[in-house]
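Student: Residues per chain, in single letters:
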Amino acid sequence: MGAQRIVVGVDGTEGGRRALNWALREASNRGGSVRAVMSWRWDTASPTQSTESIQSEAERVLRDEIASQRAAVPGEADVSVAAEVVEGRAADVLVRAARDADLLVLGSHGHNRMLRTVLGSTAQEVVESARCPVVVIPSSAR
Amino acid sequence: VNGYRHVVVGVAGHAGTARTLAWAMAESVATDAQLVVVHALDAAHHVDRPGSLRLLETVDRSAAGAVAAARRRRGDASVRIVIVADSAGELLVREAGPEDLLVIGGPPRAGWWVRSGTTSQVMTMARCPVIVVSERWELPVHISSRPPAEWMRPKIAPAKPEEP
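Going line by line, the protein sequences match chains R and Y. Residue 1 is where the first sequence starts when you use the working numbering, and the numbers rise one by one after that. Residue 143 is where the second sequence starts when you use the working numbering, and the numbers rise one by one after that.
Okay, chain R solo, but in the shape it has when bound:
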């Protein structure tokens, strides 16, 4: 389907790793590029942390996640990956980042009767707001 601009949400969880892995494979297979996006918020950070330290810690986590998933994907050398850490609500940050994207990729958080809680309110909100197709990678996906 031609070169794709893929935005992927990475949050340091297993779901984010699966999403990043899927995005890298898709970009490698189709000749696209990946933009890995991580968000952070004031109300989830420790009160003793400065803005700079939160930002740099998030950037380190994102770099590590990209490096480990790139190592797992054949043909990764061909895939252009941009990393971006943004302050804000995850759903807002991802929807904004994917405004001009072809695909937005997210991981889900497993199975449970309480669908909305387990899928994650972020994924739910993104699906309702995004303008591009959204890929949700379940916990049991390859």
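Keep in mind the hints are simulated off the structure, nothing from the lab. All values derive from a computational prediction rather than experimental measurement. A hint or two may mislead.
Said to hold, decoys possible - Negatives, chain R to chain Y, calculated, CB over 10 Å:
(1) Thr-13
(2) Arg-41
(3) Gly-88
(4) Asp-92
Said to hold, decoys possible - Derived, one-sided and incomplete: chain Y residues facing chain R with beta-carbon distance under 8 Å:
(5) Trp-165
(6) Gly-248
(7) Pro-249
(8) Arg-278
Where is the CB? At the ideal position from N, CA and C, for every residue including glycine.
Assemble the complex: chain R is given as a structure, and chain Y must be docked to it using the hints.
Tutor: Using the frame of chain R, we list chain Y on its own:
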């Protein structure tokens, strides 16, 4: 490589379905996967021939036209039809295995209210990646709302008249 055995797509007979089906068809061609077109009927229906193109014509004429064109081009086995009286979410989750890709439309909107029951159920319970195609998404030029162009071409090109 993100290759799939089947691309399973849910169709529902409304305008948004054409967009979802177009995405799924393009993906099935790109990955050489069988396309499985799934339509859930409410429990009151009795279904005699759950996989027939004729039944699909009665519930979703547009999808039936696209499927017929795809079968003409790629063969009958390239597209499978599943029409069952069941919950849409449960049917889609059951039809898509771990090696498949599931394509569904975005949650329908009624004013400010988003009814996301089936979408949530599928995204949470699916065993494979799920692609949710928003109705607000603008089809890129490489994906038509009709079946891919190569499916519409005749299998055997007419012979060119000889030069005098």
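Student: Against this structure, judge whether each hint is valid.
Tutor: Okay, the hints, checked on the actual structure:
For R/Thr-13, the condition that its CB be more than 10 Å from all CB atoms of chain Y holds, with the nearest at approximately 16 Å. The claim that R/Arg-41 lies off the interface holds: its Cβ sits roughly 23 Å from the closest Cβ of chain Y, which is beyond the 10 Å cut-off. For R/Gly-88, the shortest C-beta to C-beta distance to chain Y comes to about 21 Å, beyond the 10 Å cut-off, and the non-interface label holds. For R/Asp-92, the non-interface assignment is confirmed: its Cβ lies about 16 Å from the closest Cβ of chain Y, beyond the 10 Å cut-off.
Annotation: interface hint on Y/Trp-165 holds; nearest CB of chain R at approximately 7 Å, less than 8 Å. Satisfaction of the interface hint for Y/Gly-248 is found here, the shortest Cβ-Cβ separation to chain R being roughly 6 Å, below the 8 Å cut-off. With a least beta-carbon distance of about 6 Å to chain R, the hint placing Y/Pro-249 at the interface is held under the 8 Å criterion. Checking Y/Arg-278 against chain R: minimum C-beta separation of about 5 Å stays under 8 Å; hint holds.
When held up to the earlier numbered hints, the structure conflicts with none and fits them all.
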